[in-house]
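There are 4 protein chains.
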Amino acid sequence: MTAANTMTTQAKPAPGRSYLAIPGPSVIPEAVLSAMHRPAPNIYEGELVDMMPGLVADLKRVARTKHHVAMYISNGHGAWEAALSNVLAPGDRVLVLATGRFGHGWGEMATGLGAEVEVLDFGRSGTIDLDQVNARLQADYAHQIKAVMAVHVDTSSSVRNDIAALRDVLKAQDHPALLMADCIASLGCERFEMDDWGVDVMVTGSQKGLMVPPGMAFVFFNDRAEEVRERLPRVSRYWDWRTRAHATEFYQYHGGTAPTHHLYGLRTALDMIHEEGIEQVWRRHTTLARAVWAACEAWEAEGSLRLNIEDRDLRSHAVTALRLQSPHATELRNWVQENLGLTLGIGLGMAAPGEPAWHGFFRLGHMGHVNGHMIMGMLGGIEAGLSALKIDHGPGALEAAARVIGGEG
Amino acid sequence: MTAANTMTTQAKPAPGRSYLAIPGPSVIPEAVLSAMHRPAPNIYEGELVDMMPGLVADLKRVARTKHHVAMYISNGHGAWEAALSNVLAPGDRVLVLATGRFGHGWGEMATGLGAEVEVLDFGRSGTIDLDQVNARLQADYAHQIKAVMAVHVDTSSSVRNDIAALRDVLKAQDHPALLMADCIASLGCERFEMDDWGVDVMVTGSQKGLMVPPGMAFVFFNDRAEEVRERLPRVSRYWDWRTRAHATEFYQYHGGTAPTHHLYGLRTALDMIHEEGIEQVWRRHTTLARAVWAACEAWEAEGSLRLNIEDRDLRSHAVTALRLQSPHATELRNWVQENLGLTLGIGLGMAAPGEPAWHGFFRLGHMGHVNGHMIMGMLGGIEAGLSALKIDHGPGALEAAARVIGGEG
Amino acid sequence: MTAANTMTTQAKPAPGRSYLAIPGPSVIPEAVLSAMHRPAPNIYEGELVDMMPGLVADLKRVARTKHHVAMYISNGHGAWEAALSNVLAPGDRVLVLATGRFGHGWGEMATGLGAEVEVLDFGRSGTIDLDQVNARLQADYAHQIKAVMAVHVDTSSSVRNDIAALRDVLKAQDHPALLMADCIASLGCERFEMDDWGVDVMVTGSQKGLMVPPGMAFVFFNDRAEEVRERLPRVSRYWDWRTRAHATEFYQYHGGTAPTHHLYGLRTALDMIHEEGIEQVWRRHTTLARAVWAACEAWEAEGSLRLNIEDRDLRSHAVTALRLQSPHATELRNWVQENLGLTLGIGLGMAAPGEPAWHGFFRLGHMGHVNGHMIMGMLGGIEAGLSALKIDHGPGALEAAARVIGGEG
Amino acid sequence: MTAANTMTTQAKPAPGRSYLAIPGPSVIPEAVLSAMHRPAPNIYEGELVDMMPGLVADLKRVARTKHHVAMYISNGHGAWEAALSNVLAPGDRVLVLATGRFGHGWGEMATGLGAEVEVLDFGRSGTIDLDQVNARLQADYAHQIKAVMAVHVDTSSSVRNDIAALRDVLKAQDHPALLMADCIASLGCERFEMDDWGVDVMVTGSQKGLMVPPGMAFVFFNDRAEEVRERLPRVSRYWDWRTRAHATEFYQYHGGTAPTHHLYGLRTALDMIHEEGIEQVWRRHTTLARAVWAACEAWEAEGSLRLNIEDRDLRSHAVTALRLQSPHATELRNWVQENLGLTLGIGLGMAAPGEPAWHGFFRLGHMGHVNGHMIMGMLGGIEAGLSALKIDHGPGALEAAARVIGGEG
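Heads up: the protein sequence lines correspond to chains A, B, C and D, in order. For the first sequence, full-length UniProt numbering gives the first residue as 1, with consecutive numbering after it. For the second sequence, full-length UniProt numbering gives the first residue as 1, with consecutive numbering after it. For the third sequence, full-length UniProt numbering gives the first residue as 1, with consecutive numbering after it. For the fourth sequence, full-length UniProt numbering gives the first residue as 1, with consecutive numbering after it.
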């Protein structure tokens, strides 16, 4: 991912507002940035200390759980490790259901902790084959598999997996493995019902649907998971979710010094989410995603552009991965960057063997602080780029998107 | 202009970034806001004091003049009064060439100072008729007209007048009247050559092409104008441009306490303009305006939407005024506001007798800190609104705009 | 006031927080700066428009008046001119009561408008001699004097004049002249009761007790003053207070484009003032001023440092002017600037004939967003500077100040 | 550390600037906050990616090392765990030299990772007894002790330990244990020479001498330490310093998504440090600490106030712990908080058995973005509080401090 690899020539920034339309970090609301622009607060008493119970409650409302949340100063990779550290001992076996790069990544984190990691790989353009999962669990008559790990939305492929259905498979087999979900790219964007869907452990980060700069991550867990943790002989102090989730002193929430400024940003972001209403947040993401799809499907009619996930029911509402004849994808990204100040996401882990790394893929982020004029600006910028670079594409894309935003389709 | 009049129901703000696409105040760059977010500086020595000569020079470069500039803590109306106060004594006659509301407004300011104001009114959809001006000046054999006042771009009608041609008329008649231009809506957007075009006095504000919040305004003047001022018996202390333009102490630049934070914002904005290059700034505005026109002309093909200025050569590159069957214009503005967080400009002074105040007009700002994805977002938002409200309009607007931004047309 | 004159060698800023302890602009609260760090708002409807009636009411509460206020985008000099423009016609006579530079300055503004200006000069270290004023008014049997102009606190001398007593003099003579007060350096710091004291016109600015960056100024007036304005044949449009004070449309409040960002800053500052309570704000300024005086009076015991105003009852609670053997004052200012990041105010208009401009004077601002640790930091910085420069001074200054802040004295 | 325990009644904030004078988080420079107030940047290419090599180099310059640094999104506790995770396997033995709460805390982190932790406890008011350390190492003929862990400055006791002398002890015994130093409260404040002093591993955080909000922490290590890590069978992926310190791709520096906004803040803070010069930064802290000591030693002359560390040579230059007859310490903290907006640090882990938790202790932070007027403000505020509460104390404290800042002593 070096600059050279991405074929970009360094240029001074384009005039006008920049628009970072990558699948995370997402666009940060002004109000969140303003909330973080403040002197260091007291960390022993006062406003920040008093704010914590409400923050915890409002985080849980986003995740739709009545259970527990542990906050970490870390990125999503840290939350991956934190979650695993609380439920796995070295030598424990886990089953990873991979539908893109991030499933594999989480699995590697488990390997790093000494777990035996078994991966079912469902490719880079499809979802989890529940029959395969069912078969594997059935074969595990000794219940050696301690956890089944799945990514709700894999940011690299933009597939959205059906986590509720996964729980049904576990239930059908009466398998005691914990169901662990990575919602880093989906929480605050996609419908996710932690308790109703029977998810035992869920991890997410601050920088996507939660609209806060990277630097905090969260592990949600229920009582089943907590019991597992209690039976572990040792959990590292920093990752131990016990004191964090059941803090009685302020410093325990964060295992030491609090991420003071992120907490203020998070407070503001949660206010925005709950003021809009989490159900409405999901609806908004659905509409905007459909607008993106309508445009992309129109472009698909001519030329080489293709949505990575063909089936609408399997597509994320927060990110869209696209293929475009190499090196057009990179050329397009570069053109909109240099001419419009619009940054599109690079392809991640999507290249077939022999292909140049990612010049045939790109991704659109439409998560968090987004609305109709932003999406039309992103799509309009792509249309301008396709036109400027004379890359073949079907007509009518923008009007199709506008119709969706206008309420049709 | 009360809320009731504009038919808007108060609603909580739409999610996502808001976009203020009105013809001023324009979108303020993050860098400008950041530059203004600072403790109060010393006003007697140090950085701010040392910054002034460069600021003056860089302002003049935007106006393409080697002559003088006086800065005022005021809005554009203040600059209007300031400019007039330095060249008119009560009883002096001026000729106002009105092509929309703002020409009339400037004339009223002259009346308020005791001048005899004569208005040639060229309507709300056209430009100055140079023959009429020529005839009027020819008739003024006694040279009673002390100044000819014209608006470069009238924000209400979005007409762009030919200031250079106006100078030619004065020259042809060898008329000594000062040529005064209002560039409030054009400076930093449209080509303007103060010295080459022979403009004697020019006024502008901070909040449009200069991309700084409202609160500063500027009067540029040349030596001819300065001679007129020197012959006046009295100029009010606050408006007197002499000490401001020829300041030897810091406080003289601003006739008292300096607008400290605006100066930092202005410094940053001028840096942005000159880093891009003023010629390139003009080219960018031209391209984006053509994209707007391409979309509007496509919409015009069906239904009632009409560009207020038919002739492309007379259209502003910074603002576009449109007609849309009342009350569709207001409905459209309200829809994009409430659903997309996109604010379009209301019509100003455009209603025919008997029409409801402005429900049949709206305006688009495309001035200052704008680029291709923003314009596509604004146009895409309008397309979505037209679709949502089932307002008839021609097809292909967005793709036509995208092609222009992509380099065609 | 050039850099050379102030004997300062340019240096990189001292580490740590800077502290601008000059008598305006004053220290701007973080909350005010944050409120101003926002995108440009809509100026036709919405939050900003809706905010105005409350803003007007809260401004009047600070001035203790039930009458009218006109807001101006200008500095204090602009407010001076605005106030005079609404009550004077050319040729009208005014009586200026000068107790320092700013009284003279306001008088010059009246001269600039064509008024006949008569100055009673009470020097640079004392207050108004009411007997002289009485005598002059008595002599004006024809009531040619249309207005009596006085500065509440003259920032240059730090004298605080008794405005209520001035009204008594006018009343005793039954003189119809308007009583006009300049509260630029006192409003929001010193007790000021516009209605109770019978002040007809009062001017102030945003950048001192109101804690907002320079760029707005205010003219308060009562019905008597309004009647005078109504009888004037002509008031310039920009300065006319009528439409501003009785606005029915948003743009009328500001005579054109609103100072959008200052309005948000002002809203926040007024919230802070009224949350603390205006009476408590005055008490706080009184206590802090007494702490400053306690220190200065201790320093006076040895060496050349002298408070410019000897009588405590005549001293401002917002600014303190001091004498210190030239060039020690400048050396002290330079030392605390370069070594501590503490900026003290220069002397203004205080030098006796033959003295170097201001190297024997300096001023301390203690207005607006100040508290006990700030004042102790300012005084402690001066003590350090006196010590470093081996400038003679009496002992016990800091402990005397601390005792006042601690509640004694 | 609940609000109830600290005896504080919740009150609205005191007017004026707040001053957080606790030993971390420290006062954050405006410039750092401004640098963090920005849209999310691209994390795949561009400015942020290009900034990393310089950032790494400038971090190493602060630590005076030519070796390696790994950055973590975490607080200091995370850095503790990270450092230990790279050099310890479960069962390894470490020797903790405790001089206050934080030495014990680091040891607990090692316990949490499965290490055998041996603590030499030197109390809460003194430094490490090198003879004891020498004896213990001598006894370890089998070299079972893999690491010696010491805190440079223990924030709870404010003792400053001699890390160079500790290396001499190890060297004298030719003991191969790694020397690990916690510089969380000292880096960027106290002279620290990682390479010259032979420190193998050093940890620090962003929120004290580095003047950035909490949320990043750093582990510096040399080649000896790296060899230890290479021999470990397994290091968790998140804590593994290898990829972070030898990153070839941007995401590797941070083990996933970068802490984008903290990186900009850190860039600015490092610029400030190196512009001042790290040696000068240390000198400034030394001077300011001596000023604090001068005041405290004067106060000690009467009443119960006592510096926790008697020996000047053992005192930190960044934090000062004080005893004051319970509950005066808490009363004093509360008084300056409520009346002056000045926040002093609570005592941490200092109470003797049977004493109320911390009402007899408090701490002063004087680290990072501090200067002479701030220190005088803090000390002046304390003097005012002592006076208000009629707490006995010796005279002359403030003048003594001012003399130090003025260059004497």
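No lab work stands behind these hints, which were simulated from the structure alone. Mixed in with the good hints, there may be bad ones.
As the list claims (entries may be wrong) - A short list of chain B residues far from chain A (calculated; beta carbon distances all over 10 Å):
hint, residue
1, Gly16
2, Arg61
3, Glu118
4, Gln173
5, Arg323
Claimed, not checked - Rough simulated footprint, nothing fancy, chain A against chain B, three-plus residues with beta-carbon under 8 Å:
hint, region
6, 91-102
7, 371-379
To be verified - From the structure, some residues in chain A lie toward chain D, with a derived Cβ separation under 10 Å:
hint, residue
8, Leu20
9, Gly76
10, His104
11, Gly215
12, Gln280
13, Leu314
14, Gln325
15, Gly349
Ideal Cβ positions, reconstructed from N, Cα and C, are used throughout, including at glycine.
Hint validity - Gly349(A) Cβ closer than 10 Å to any chain D Cβ: violated, 12 Å
Satisfaction of the Gln280(A) interface hint, Cβ to chain D closer than 10 Å: violated, 23 Å
When the least beta-carbon distance from Gly215(A) to chain D is tested against 10 Å, hint result: holds, 5 Å
Nearest-CB test (10 Å) between chain A and Gly16(B): For Gly16(B), whose nearest Cβ neighbour in chain A is about 3 Å away, the distance does not exceed 10 Å, so it is violated.
Supplied contact hint for Leu314(A), tested at 10 Å Cβ to chain D: violated, 25 Å
Gln173(B) non-interfacial with respect to chain A [C-beta, more than 10 Å]: The claim holds: Gln173(B) sits with its nearest Cβ about 41 Å from chain A, beyond 10 Å.
Cut-off 10 Å, beta-carbon criterion: hint that Gln325(A) touches chain D: This interface hint is violated because 21 Å lies over the 10 Å limit.
Coverage claim, chain A over the region 91-102 of chain B, checked by counting residues with Cβ within 8 Å (three needed): violated (count 0)
Minimum beta-carbon distance criterion (10 Å), Leu20(A) to chain D: holds, 5 Å
Outcome, coverage of the region 371-379 of chain B by chain A - at least 3 residues whose beta-carbon is closer than 8 Å to one in that chain: holds (count 9)
His104(A) as an interface hint toward chain D, with CB separation required under 10 Å: violated, 13 Å
Beyond 10 Å from each Cβ of chain A, as asserted for Arg323(B): Arg323(B) is indeed farther than 10 Å from all Cβ atoms of chain A, at 21 Å.
Comparing the model with each earlier hint shows violations of hints 1, 6, 10, 12, 13, 14 and 15; every other hint is respected.
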